[in-house]
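J.: These are the residues of each chain, in order.
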Amino acid sequence: MDTQNPQASDARPVLEGPDIARALTRIAHEIVERAKGADDVVLLGIPTRGVFLAQRLAAKLEQITERKIPRGSLDITMYRDDLRMHPPRALARTEIPGDGIDGKLVVLVDDVLFSGRTIRAALDALNDIGRPRAVQLAVLVDRGHRELPIRADYVGKNLPTSLREAVKVQLAEEDGRDTVLLGVKPAAPGERQP
Amino acid sequence: MQRHLISAADLSRDDAVLILDTAEEMARVADRPIKKLPTLRGRTVVNLFFEDSTRTRISFEAAEKRLSADVINFTAKGSSVSKGESLKDTAQTLEAMGVDAVVIRHGASGAPYRLANSGWIDAAVINAGDGTHQHPTQALLDAFTMRRRLTGRDAGLGQDLSGRRVTIVGDVLHSRVARSNVDLLHTLGADVTLVAPPTLLPVGVGSWPCEVSYDLDATLPKSDAVMMLRVQRERMNAAFFPTEREYSRRYGLDGDRMARMPEHAIVMHPGPMVRGMEITAEVADSPRCTVVEQVANGVSIRMAVLYLLLGGNEPAVTHARTTEEK
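Protein chains in written order, with my numbering: chain Z, 1 to 194; chain F, 195 to 520.
Same shape as in the complex, but just chain Z (with noise of 0.2 Å):
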């Protein structure tokens, strides 16, 4: 999940509300054909906008399967490495579906991929939870820079940046309008946050 926010004067549009809802069109679609009609799909969203992300999700995979889909948020705060650098965040919601994630397809859901720590977090909150069948991750943007083994296996964009680059994700239900934004970073040079 990307923080950061860029200066609006400066920041401009790469996809706005048409594309997001196009991408995740795509995706729903690639969900169902990967995962053979995506019966046991169970979607995770990752506080904040991968949890309406997921929702969004989850309501295109209900018009194409014509089934219920399960979805929920997963909050990753107290398992992420860099706890002990800022100072306690407030907590997210998590909401598990009520028939538990042992034995299904879970796709976590998240807004920008970058590092891949959050999604590491992820993991090893899920591993508390139950045990999935197996576990994919869906991103709306991939904005490259990886610092550990972790890929999407669904993209909405790949969107190349610089470090000096933030990128920031809108989505209607938060922030009143959809679009992703590509800015120069206003934080100090050389900085990097996961």
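The hints are simulated quantities; they were obtained by calculation from the structure and are not laboratory data.
Predicted, not measured: the structure shown is a model, and the values here were computed from it.
For glycine and all other residues, C-beta sits at the position ideal for the given N, C-alpha and C.
None of the hints are false.
Some chain F residues close to chain Z (C-beta under 8 Å, calculated; not the full set):
no., residue
1, Leu-231
2, Tyr-501
3, Ala-510
Chain F stretches covered by chain Z per the calculated footprint, using a threshold of three residues with CB under 8 Å from any CB of chain Z:
no., segment
4, 210-217
5, 223-230
Let chain Z serve as the given structure and place chain F on it in line with the hints.
T.: Just chain F, lined up with the frame of chain Z:
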């Protein structure tokens, strides 16, 4: 930056609400198959108990273990304290062992404050009850129980207790629970009324941010929560009321009195209860009584406090008033 929790009066409204919201998420860990989070891995917490306690000590221990902290239990009985060791020497022993936090219960009011501000020790200090002074985590878990019951689990998130009327009944004089609750509930916007015989009210209670009444029956219909306090015999060295029977007739909560409370109102007790004295078995066992819930909530609140004080590189809770003037 302060990183201790000494008094409920030190918490701002936003700090208190943050602790309650964090506890709400911590409570959900208890529903999971693996009730453990890796957050405090590698941190050492000492439970330093100079006074007897079951509930609070076990609750802190459970909270520490659920957050994966290393726990060392220390009770004054059977330790060097019974040989005459001072608080300072005990503290320096702990410091030498490299502890990150000390949870302290002490019979002397102000012992946690002394420990936090003396420079003897570098660890975070959490007050688990000192004399007749403060018991901040108890006040937090009481506020958490009220918010859950009166506002709702999810509806309560981010909310304080504005406009709720809380009545605290019984031995206010010896009660650190009452003091902490008055401070915290006032901060959270609730209206507190103390009800007790005049002999069991402390001098200067008029300056506390609450109402005082001697008439329980008149107060009950105007209460959203009624908190019964135990008469602390062990701290009494004089006759504060004529007989137990007279006390329980005037200040005890029985079925008839409970029926006079509003439909939604809850009965609370910090425990241990003395059935037949301040509360009858009928009330203690009724679904409106939250005693068992309070114990469960205590673990969540203590997890939240430990996380917010120890989880990061600096505490998320901002204190101002425990800092000693230099």
